[in-house]
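Undergrad: Since chain A is already given, all that's left is putting chain B on it; use the hints.
Here's the letter readout for the chains.
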Amino acid sequence: MSECLLQASQVGIDFGGLRALRGFDLEVRNGDLKGLIGPNGAGKTTAFNLLTGVYVPTHGEIRMCGERVNGRPPHQINHLGLARTFQNIRLFRVLSALDNVRVACLSEARPLFPRERIAALRRRAGGSSPVASMMDALNNYVDWWRALLLTPGFQEEEQEITRRADELLAVMGLSHRRNEEARNLPYGEQRRLEIARALGTRPRVLLLDEPAAGMNTREKADLMVLIRQLRDQFSLGILVIEHDMKLVMGICEDITVLDHGVTIARGAPEGVRQDPKVIEAYLGDSYLAAHGMPVPPSPSNSTSETPAP
Amino acid sequence: MSDFAQHLINGVAAGTIYALVALGYTMVYGVLKLINFAHGDVMMVGTFLGYGVAQKLGYEHQSSLWGVLAIFLAAMAACAVMGFLMERFAYRPLRDKPRLTALITAIGISFTLSYGFQLDFGPLPGAAPRAFPEIIAPREWLIIGDRAVVIWNWQVISLAIAIGLMLILQALVYRTRFGRAMRAVSFDHRTAALMGIPVDRIIALTFMLGSALAAGAGILYAIKDTAIQPLMGLYVGLKAFVAAVIGGIGNVPGAVVGGLLLGLVEEFVVGYSSSSWRDAVAFGFLIVVLLVRPGGLFGRVAAEKV
Chain A
1 MSECLLQASQ VGIDFGGLRA LRGFDLEVRN GDLKGLIGPN GAGKTTAFNL
51 LTGVYVPTHG EIRMCGERVN GRPPHQINHL GLARTFQNIR LFRVLSALDN
101 VRVACLSEAR PLFPRERIAA LRRRAGGSSP VASMMDALNN YVDWWRALLL
151 TPGFQEEEQE ITRRADELLA VMGLSHRRNE EARNLPYGEQ RRLEIARALG
201 TRPRVLLLDE PAAGMNTREK ADLMVLIRQL RDQFSLGILV IEHDMKLVMG
251 ICEDITVLDH GVTIARGAPE GVRQDPKVIE AYLGDSYLAA HGMPVPPSPS
301 NSTSETPAP
Chain B
1001 MSDFAQHLIN GVAAGTIYAL VALGYTMVYG VLKLINFAHG DVMMVGTFLG
1051 YGVAQKLGYE HQSSLWGVLA IFLAAMAACA VMGFLMERFA YRPLRDKPRL
1101 TALITAIGIS FTLSYGFQLD FGPLPGAAPR AFPEIIAPRE WLIIGDRAVV
1151 IWNWQVISLA IAIGLMLILQ ALVYRTRFGR AMRAVSFDHR TAALMGIPVD
1201 RIIALTFMLG SALAAGAGIL YAIKDTAIQP LMGLYVGLKA FVAAVIGGIG
1251 NVPGAVVGGL LLGLVEEFVV GYSSSSWRDA VAFGFLIVVL LVRPGGLFGR
1301 VAAEKV
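Keeping their order, the protein sequence lines are chains A and B.
Taking this note's numbering, the leading residue of the first sequence gets 1, the next gets one more, and so forth.
Taking this note's numbering, the leading residue of the second sequence gets 1001, the next gets one more, and so forth.
Here chain A stands alone, though its shape is the one from the complex:
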């Protein structure tokens, strides 16, 4: 079995009194294609936000490539190889398609202090090390000042970045939109551009937040093929949030189902599809009762209201 890239164990977060997610476990390995589903408000996007460092978990631990990343800033977590897309498209709308991808292509620069050394220092210190942070800061400043002063090596790097961004646009079938502002692209293409941008950061794990939202049947079918292709071509682990059951069941090998912040089911698509708890979460227990299926007890923390008469 390949090395575990992204690992969440017993992760939870409270917003004030509301526990938006609790006891969340997840493992993504190289080559995995996993799904995360659940009704609206179940905590799927919250889980993504926790994994990518937008929120700091109040419980549990998240590890990326073996490193504990709780509380690390999002850009550092991204540098460890975790990239994502967004449920509501969040492109840099005023930048061209090419620039959207180029912005993300930062990892080309040859740093003053090798990244492995900084990572090793952090690992040894068990999280954050002042020396590592100093080296990282110096790296960044030297790097940015090289850009400011336009040193000779810099031009070369710019060309390399542009070449790679063009490649990614080609993979996502967006070469014809290269110089158009992102906001002028049709919806489906904006979604693909977000994926291209995420790939620019050279991820090892890719999180896709409802990649098929707003796409028509045909685009969805293409997307399914594309997601598989990306996993193989870039040797990624992929985690997908998706509402479209056909898409999730079609491509994911393992599905986690959330409801009210609690994991209610996990496993292969067929098993999950027949799990009464999942059916109840999606369709309500009246559906189960009507079809003569057993009604499971509701999740412990759900503030289940009395059903309307």
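Derived by calculation from the structure, the hints in this document are not laboratory data.
Quick reminder that beta carbons are idealized off the backbone N, C-alpha and C, glycines included.
Among the clues, some could well be false.
Short derived list, chain A residues pointing at chain B, Cβ under 8 Å [unchecked claim]:
| hint | residue |
| --- | --- |
| 1 | L26 |
| 2 | T52 |
| 3 | G60 |
| 4 | N70 |
| 5 | D99 |
| 6 | L106 |
| 7 | R115 |
| 8 | N140 |
| 9 | E158 |
TA: Coordinates of chain B only, in the frame set by chain A:
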């Protein structure tokens, strides 16, 4: 006609200085949505640092090519460091606080600097104006007609330096990785962070860049006006802020156009009516522009999509 040409030249000379300072306002606003009211005072500090370096160099060296270069580079580098410190210790801790907090802090820094520099150091204490040394010995560069239009060498050199700085900035913002990152941060810093951009550092560098430009502008201002004093930052800073708003705050070419327009308007008012009308007309011009184009000349008005 010759009057007109002369005012045009003087107006452009004044306008480029406003433009350089306005660039700092607009870049910081772009990445942080903060009006850094201390920016004008950074310019003042840059001018005083240049003054200090010129004093140290002495009369012999201060007007040599290397002397002038040293004055500019020292002031710009020191102000870049100051910009960094200001961002790191004054604004960064307030990043997630209500925007008003940072605004008040900016005003606080502004007053600290403009009154702090009145403390008793240097040969002339207090608010008294200091005579900035003639680091570029004035010479007539071009005389047209019977001294109807005179272009001074310092005007040409100032303009060349200002345009050079703007071109460098333009190249940085639109042709480099740093610039792309800056535009991305300015558009949406949360998403930028998730795409691996070290947002804090981009913001710090933006401050450093803006402050260095302000220092350069300050010295150009001192060459033009020859008198410098600790409160100059409040005044020039306010004008440059107006220029940035006229151009559309957050917009880099807008700041340049706004600065030039403001410089020209002021110069023509002074030339054709009276200097006491200058500020009234400058701010009147701002009001007119905002009435016609609320987002500034180059700004986009965010239309709410419903």
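Undergrad: Would you mind marking each hint as holding or not holding in the structure?
TA: Hints, verified against the model:
no., hint, in the structure
1, L26, "violated (18 Å)"
2, T52, "holds (6 Å)"
3, G60, "violated (21 Å)"
4, N70, "violated (16 Å)"
5, D99, "holds (6 Å)"
6, L106, "holds (5 Å)"
7, R115, "violated (12 Å)"
8, N140, "holds (5 Å)"
9, E158, "holds (7 Å)"
In the structure shown, a violation is registered for the earlier hints numbered 1, 3, 4 and 7, in ascending order.
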